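Novice: Here are the chains, one letter per residue:
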Amino acid sequence: MHPTDFTIAGAVAALEEGVISAEELTRAHVAAIEALNPKINALITVTAEHAIEAAKASDTRRARGEAGPLEGIPLAVKDLFCTEGVPTTAGSKILEGFVPPYESTVTTRLKRDGAVFVGKANLDEFAMGSSNLTSAYGGVLNPWSRRNDPQARLVPGGSSGGSAAAVAARMALGATGTDTGGSIRQPAAFCGIAGIKPTYGRCSRFGIVAFASSLDQAGPFARTVEDCAVLLRSMAGHDPKDSTSADKPVPDFVASCGQSVKGLRIGVPREYHIDGMPAEIEKLWRQGLEWLRDAGAEIVEISLPHAEYALPTYYIVAPAEASSNLARYDGVRFGKRVAESNSDLRDLYERTRAAGFGPEVRRRIMIGTYVLSAGYYDAYYLKAQKVRALIARDFREAWSKVDAIVTPATPSAAFAEGENSDDPLQMYLNDVFTVTANLAGLPGLSVPAGLDPQGLPLGLQVLGRPFDEETVFAVGAALERAADFKALPGMRAGA
Amino acid sequence: MSYTIDGETGPWELVIGLEVHAQVVSNAKLFSGAATEFGAEPNSQVSFIDAGFPGMLPVINRECVAQAVRTGLGLNAQVNLWSRFDRKNYFYADLPQGYQISQFAHPIIGTGEIEIALQDGSTKVIGITRLHLEQDAGKSLHDQHPSKSFIDLNRSGIALMEIVSEPDMRSPEEAGAYLTKLRQILRYLGTCDGNMEEGSMRADVNVSVRKAGEGFRTRCEVKNVNSIRFVMQAVEAEAWRQIEVWESGGTVEQETRLFDTGRGITRSMRSKEDAHDYRYFPDPDLPPLVFEQSWVDELKAALPELPDQRRARYVADYGVTPYDAHVLTLEKETAAYYEAVAKGRDAKQAANWVMGDLFAAINRTKTSIAEPPVSAADLGALLDLMADSTLSGKLAKEVFEVMVETGRAPGVIVEERGLRQVTDTGAIETVIDEVLAKNADKVAEYRSGKDKLFGFFVGQTMRAMQGKGNPALVNEVLKKKLG
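For the protein sequence lines, the chains are A and B, in the order given. By UniProt numbering, the letter at position 435 of the first sequence is numbered 435, and the numbering carries on one by one without gaps. By UniProt numbering, the letter at position 361 of the second sequence is numbered 361, and the numbering carries on one by one without gaps.
Simulated from the structure, these hints should not be mistaken for lab results. Please read all numbers here as calculations on a predicted model, not as lab measurements. Hints are supplied without guarantee of correctness; some may be wrong.
[Stated by the list, open to error] Simulated DEER-style distance windows between Cβ atoms:
no.	chain 1	residue 1	chain 2	residue 2	range
1	A	A379	B	H276	52 to 60 Å
2	A	A379	B	A35	23 to 31 Å
3	A	A57	B	E333	53 to 61 Å
4	B	A35	A	Q426	28 to 36 Å
5	A	P424	B	H276	52 to 60 Å
6	A	G85	B	A35	44 to 52 Å
7	A	S400	B	G190	25 to 33 Å
8	A	G97	B	N27	41 to 49 Å
9	B	G190	A	E308	38 to 46 Å
10	A	P278	B	A35	21 to 29 Å
11	B	N27	A	K383	37 to 45 Å
Heads up, the beta-carbon is just placed ideally off N, CA and C, and yes, glycines get one too.
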C-alpha cells in the first residue's frame, strides 16, 4: 500500500505500530505534491521543508511517548487560515507579501495535536466562488475527469477547491476548509471526498481571513467520514478570542461514526426537489434514503417553506458583511500597495483595491455596499435578515419532527472551466442546497455516495440540529457504509 | 429672564444639544488587550486587532462595559440589559478596520437626566438621550514630513462613551454648566478623567436658533470642541452666524462645522450632501451585549457618592451653605480634602479655611488641590491648634503662611518660632499693667466715657506680646483692669 493511500485513522494506527514514521509519511506526500501540484495547482504555497522538519519533530515526540491524536499526520491548510511565518494570501493579490505574525486558533490546535502542514491550499479569492476559478493564483484542476471527455478541465468546486483536490489526489491525508455558503461541502462532493461544516460557533474563527463573519465556519476535509470526525475533534472547541465561538464541550465525534441510525427520523425537504435537477441526482438521493431506511431509520417528508429564498438571502447577507470585512485591505498597513508618487489617500485606496481585488470580489463588495446603503438597507439587508430568521425557524420546526435531514450536496457533478462562468447567477446556484445550513448555523456533512454517468462523484448532504454533529456523523457514516464508495480519481499519487 | 441674542429682527432663542465623547478609564482597550496609557511612544500600544489585521476578532472588555453602566447610573439613566454593537463603515487611514465598532440602534444606556447649577442660583434639568460605547480611531499626523502623513494607532480601539444630550440647553452658560456637571459626574465615578486638553473628553455641539414660540429650525454641528470655554464660545459664534444667515434672507443648511479657536468663528467642514453613508449594520463578530440586572445592582451598590448627594450631605451634616457645598464638591479632590479637614472639627471653619486660605495659596503657588501646598492633615492640625487655644486666628494665619512656604507641620512651626499664644493670665496682667501705666492719659479718657479706646488698649497689649496674647483673655483682663 502506498503511504498516501492511508486514511487518517489508518495512518495513526500505522504510526503507532511503527509500520511507518512520520517522516516517511510526510516525504511520501511531499513527493506526491512535487509530482501533482504543478498540474493540479491545489497548493499556493508548499511548505515541504517545514513539513519534513515538523515530521522529524513528531517522530521524536512519539519516541518520547508524547504523541498527540494527530501526531505526524500530513495536512493541507486552506490559505485563508493565517499561519505564523508562512505567507497567507486568501487567494488574493491584495495580500501579496503578507506573512502573518500569528497563527489561527484552528491550525494552532491541529499543530498542538501533532499535525504536519504540507502547504497552503488554493481557494477562490477571499473564499468567494464555487469553482476555485476566482483565485488570483490560478484555478485548481479537479483530479477526476469525465469518462467520455477526459480532456475537459473540471473544477474542484469552491471555495475550498485546493483543499478538496489535495485530499482527493492524495497530496495530504486531510485538509482544513472554510464554509460560508457551501465552500466545504460542494468541493467535497465534486472531488469525491467527505467534508463537514460544523455548527456555527463550533470552531474558532480567530485568525481566519473573514469573508462573511456570521456565516463563516471552519471544518475538515478527509477521505472518510471517520477521518473528518478525527480532524474536527482537534479543530473544535471554545476560544475566548472569538466571541462567537461556543463554550460547549467537544463530543467524541469518532464514537458517533459507529452509532446506529436505527430509529432515527430522517427528514426529506419537499422544497429541495428543484426544477432542472439532473435525474442522477434525484436517483442518488432516493437511493440514499433507501439505504438509511434499510438501516432502520424512518424517512419523513418535511417542509422548509422559506428554502427557496435562501440563495437570494445569502447573496445579500454575505456580500454585505464582506463589503465591510474587506475594507481593511487598503494598502496602508500590510499586503499590496499601489501608489503613484503624488497619490493622495483616496487615490491610494482606489489604485490598491483596483489592482488587488479580482472581479468576483469587486462584484460582491459593490453588491454588499449597495444593500447596506441608505435608502436600500431596509429593502435588502433588513429584509434578508428577516428571511434568514424565517429560514432558521423553518429548521427549528423541522427538528421537532426529524433528527437529521438528507439532501443532495450539489445540484450537479463537477462542471468544466468556462461552463458556468459567463453568468454569475448560474454559478451562485451551486450553493442552493448548502447555503441554508450557513444561514441557520447548522452542521452539514457531505458524503461521497455515487457516480454520475460520466463517472464523476456525487455527494449527499446530512444536516443536523445545532451542536448535534454526533447525529450528523452517525447518519453520514451509515450512508458511507451503504454506498461503499470505492471509485478513485484518475489523477492521484501512486496512480 | 431667559437668554436671547438680539438680532436686527429682534430677539433669538438658542437651542443647544451636546454629544460628548468621553474616554473610558480602563487599563485595556474596548475590544483588545492593548494598553491605553496616554502619551506613550507612537504605535507602541497597538494589538493586531487594533491594527485591523486579517483574521483578528474583537472581544468585549468587561470593565469598559461596567464603566458605561456606572456612568449610566450616575446620569440617572436607564441601563439596557440587551444592547448591540454595529459597524459604522468609512474609509480613513487612521481607521484600520475600515469601520468603527459602535452602538447605533441599541445603546447600552437609554434616557436619563442631570441637574445643572446656574450663576443666578437656579438649577435646570438637562435630558440625556443615550450613552453608547464605541471604539476610538487612531491619529493622523500631517506635520511630521513634507509629503507624507504618519499614523499613530495608540488611540485606535480605546473605549469611548458617546453621551448625547437632549436639545435642552438655551444659552452658552447652560452648555458650559452642562459640560462642567457631566465632567464632574464622570470624575466622581472614575469612569473618565475628563481631561479635555489631552483629548479624553471632546464635545460635538449642535446649535440652532429660533424665534420665541417656534419649533426647531435647522441645526448645525460643530465638531470636536476641546474645552468648556471653547464650547461656550462656539455656541455663541455659531448662533450669531445662523442669525445673520436667517436675517439676510438666507437658509441655514444642515452641515458639520469646525470651531476656529484663533478667530472665534465656525467654518464649514462638510455639507449634508457630502455626509458619509456609514452603512451601519450589526457587527457579526460580536453577539448582543447581554447582562443581568443583578450585576447592575452590584455596580450600583458599589457606586461612589455622586456630587449631588455629597452636596446635600455637606449642607445637612456640616451645616455649610449650599453655595459653599457646591464649591467644595465641584472637584472630587477638593471634596476629599475638605472632608479630611472637617472630620471631627468645626466643619464651617474648615470650609472657610479650604475655600479662603487654601484656595488662595493654591492660586499663588500655581499648584492644585491634587498636589496641595499644605496637606489636609496639616491644615487639620492647624485647626486643632486653634481649637485648643494654642493659636489665635491671627497667629494661625501666620503659621499657615509658613506652612505654605516650608511645607512643615504647624506644631513644629509653633515650637520653633515660639508662636504659641499666651494664655497665662498673670503674664497677660503684667503686660497690661505696663501698657496702662504707659498710657495713663488714655486710661483717663477711657474712664471718662471714651469707650472706643478699648480697641487701642487691645492693640497695644497684643503688640507688646508680639501678637501671642490670647485675644479673649486679653479682653477679659483689660475689661477688669479698666472697669
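Novice: Against each hint, give a clear statement of whether it holds in the structure.
Specialist: Cross-check of the supplied hints:
1. A/A379 x B/H276: 52 to 60 Å: 20 Å, violated
2. A/A379 x B/A35: 23 to 31 Å: 44 Å, violated
3. A/A57 x B/E333: 53 to 61 Å: For B/E333 against A/A57, whose Cβ atoms are near 59 Å apart, the range 53 to 61 Å holds.
4. B/A35 x A/Q426: 28 to 36 Å: About 52 Å separates the Cβ atoms of B/A35 and A/Q426, which means 28 to 36 Å is violated.
5. A/P424 x B/H276: 52 to 60 Å: At roughly 29 Å between Cβ atoms, B/H276 and A/P424 fall outside 52 to 60 Å, so the hint is violated.
6. A/G85 x B/A35: 44 to 52 Å: 26 Å, violated
7. A/S400 x B/G190: 25 to 33 Å: 51 Å, violated
8. A/G97 x B/N27: 41 to 49 Å: At roughly 35 Å between Cβ atoms, B/N27 and A/G97 fall outside 41 to 49 Å, so the hint is violated.
9. B/G190 x A/E308: 38 to 46 Å: 56 Å, violated
10. A/P278 x B/A35: 21 to 29 Å: Given range 21 to 29 Å: violated, Cβ gap about 60 Å.
11. B/N27 x A/K383: 37 to 45 Å: 42 Å, holds
Hints 1, 2, 4, 5, 6, 7, 8, 9 and 10 from the list above are not met by this structure, while the remaining hints are.
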